[in-house]
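S.K.: For reference, the chains in residue letters:
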Amino acid sequence: MNSILEIENLGVTFSTESGDVPAVRGVSLRVAAGETLALVGESGSGKSTVALAALGLLPGNALASGGVSVGGTDVVGAGEAELARLRGRTASMVFQEPATALDPLTRIGKQIAEVVRNHRDVSRQEAAAEAVGLLRRVGIPEPERRASAFPFQLSGGQRQRVVIAMAIANSPGLLVADEPTTALDVTVQAEILDLLRALAVDSGTGVLLVTHNMGVVADFADRVAVMLEGEVVETGAVEEVLLRPTHEYTRRLLAAVPRLAVTGSGSGTAVGKEAEGASVVELRHVSVQFGRGPRAVRALEDVSLTVRAGETVGLVGESGSGKSTAARVALGLVAPESGSVSLFGADLRKARGRARRALLSGVGVVLQDPVASLDARMSVAECVAEPLRVHRRGMGAAERRELVAEVLELVRLPRELARRGPRELSGGQRQRVSLARALVLEPRLLVADEPTSALDVSVQQTVLEVIAELQAELGFACLFVSHDLAVVQQFAGRVVVMRGGRVEEQGPTMSTLLHPETEYTRRLIAAVPVPDPVLQRERRERRVALGTEAGA
Amino acid sequence: MSVQSAGRWGLIAQFPAPLRARFARNKLAVAGLVVVALFFLFCFVGPLLYSTDQIHTDLTQVNLRPSGAHWLGTDAVGHDELGRLMYGGKVSLLVGLAAGVLATVIGTLWGSVAGYAGGWVDAVMMRVVDAGIAIPALFILLVVSAITTPGVPGLIVILGLVSWLVPSRLVRAETLTLKSRDYVLTLRAIGGSHSRAITRHILPNSVSTIVVAATFQVADAILLVAYVSYLGLGVQPPSTDWGGMLSAGLTAAYSGRWWLIVPPGLAIILVVCAFNAVGDGLRDAFDVKGRG
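Going down the list, the sequences are from chains G and Z. The first sequence runs 0 to 551 under numbering that gives the first Met the number 0. The second sequence runs 0 to 291 under numbering that gives the first Met the number 0.
If you are wondering where the hints come from, they were derived from the structure by calculation, not from laboratory data. Keep in mind that a hint or two might mislead.
As the list claims (entries may be wrong) - Quick partial rundown of chain G residues pointing at chain Z, CB under 8 Å, derived from the structure:
#1 V333
#2 L359
#3 L366
#4 L387
#5 R391
#6 M394
To be verified - Cβ pair distances, simulated, as ranges:
#7 G:S27 to Z:R24: 46 to 54 Å
#8 G:A354 to Z:L141: 48 to 56 Å
#9 G:E405 to Z:L269: 34 to 42 Å
#10 G:A277 to Z:L108: 40 to 48 Å
All values derive from a computational prediction rather than experimental measurement. For glycine and all other residues, C-beta sits at the position ideal for the given N, C-alpha and C.
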């Protein structure tokens, strides 16, 4: 078989301040023309390092051994001039973040034309015409006019299309895509994957796809290589690896992936029951506007939602849908322009001073970013004890220490961790420390804003399990904000779907996600890739049909 | 042992090991730290080993060349020049250090409150800073010193009051990014007070910016004291500082008495450069943005 990329026994070692760190060991891979190989693994597994090594893009402190050949050219020993000829011509790369992959001050048509002229001797006019053609090929509407747009005038999905246009400008034999859809919403992700698939099929390009998302793998890849701690532990056809994994790690990884249930009866499921308790937090006809005058942005428009005692409400939607803003209104961090917010039956906006503090002592908060949610200058114990210092000022040091240790054990962390600094912990441990801080006052409401989005799936599973167990034990209500429908389906009893600052629809999770009432929710669910290649192929065909139907 | 130099080493020793290692790799910064320490020893411990009379004039001993009895000679009123360098250095270093710290403290408070409050409070507070920066500090300094003829405490306060503007801008910028961090939002969501957010989270996390700014402020303040005293508006005789010594020695320099002008001039240059080197080293070690 004719391979465009051949990696033989690749090893990469980084030299750092604290000594040499091996990142990749003995990796051998090949990508045939027209084939897509997905490289999957959790963070730190070395998958991105392999992708960078394929194009000779490793940073200066990396030492590569073994062989990497792209279209017959040896990359490991190549000089910079040879690599420059290779990149963008024989092989090119699509990065994760389209916002930083484009020059913000250059019109997109010119940026694409530049890539063309770097490698081929064509006139300026010809290159510009080619740029327009490429924009049309990647599905940018009105390419002649859009070619003179600046990157900030495009949406995230359109920017990623432009990045892809640049990558395919010289019809490379190999496309390396490092998490190309991770920064995008699911509906946009589906479109970008469709585009990449069409390009690969049309031009016979080999694709090395780096991703952590098993749904994307199932949707797009022909073969899969699973990486663990710098080594490839399993390689095979996508159906084989995802449906009949042989390696124990692959099995564990796949078991941890939250799966969106797409079939089954909507009613009668245990989690679908209506909660009857008193309302813990209630937003009534809330509108929020950021900024003033003509440039003001409406973040929320007439949003009403209720969380009752003991229940979990999932707040889902794409970026910009207002789900985080709604959570912040519930916490009193954002003041609504109109409408009312009641927390534990009292009006949060009217409460001041002592009364407000008393109300807020019943609330626990876990936010998304495991790095930013703990103050690195405090110890774990101080982080967890902060709510006690705010609300139980009279508590003695010994009592506080004991309570902190108990809560740490509650979230399944060893007591000894209390003395450590947040920097010494992993992402999953940090999120559990955040959770411990949220629970130390035994709150009646937990507000969790994408608490597991920055975590690997296996870690996400542990954190979600801990939250669910503690909820059963302590009985707090939970407002759970997430973009991940599969997680919400697993976790929430009721779901509120938001779109453009409005509530699109809400209801019991099972019935809403299996039998959505609105077109938007239907499209949203259809766009979620499931980690089963056979099922995903059916879903994709149905989604395409749905799209043409809606478009017609 | 001088308290100030022990304090400086102690401050560095508190920082985590990698930071110290990164600082130690910057040879210029380490040299700067050594120079600063030596000058403190020289000015505060030196007089114990090399005692001279800096109060009374001795007209039998005027304008002597450097010799075994007077290592750096004597000045026009018979003070031993080496002893005077220590005596004046005490004032220069003390005023510089105290004024630099005072300016940093005022700037930090002002900047953190403005940045944290945001909105119109921030706008008003920062326009005050802009207005202050628009008027040259040296001009204010000269006018005030001309009116009041300040002593050492007065000089410290005046210098502090004219040079807090730049640190306040730096700290405000830092506060703007820190106040939207998740841990600050979490604290506010559970009802934590604004003062707790500032004192427990924002200031400790700006400490690198603040320390670096303070180091540069000290260097600037030492230079400012020298300006003021050189123009005869600083501390009054028989007390003196390096700037005052320069001023007094200026006429003598034309008659070849170099020892009255080279030593204080060199001292100012060395100390100011050393503080700047330390500041650069700290800035690189902390990886924060430099002076405003």
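S.K.: Among the hints numbered above, which are violated by the structure, and what are their numbers in rising order?
M.R.: 1, 4, 5, 6, 7, 9
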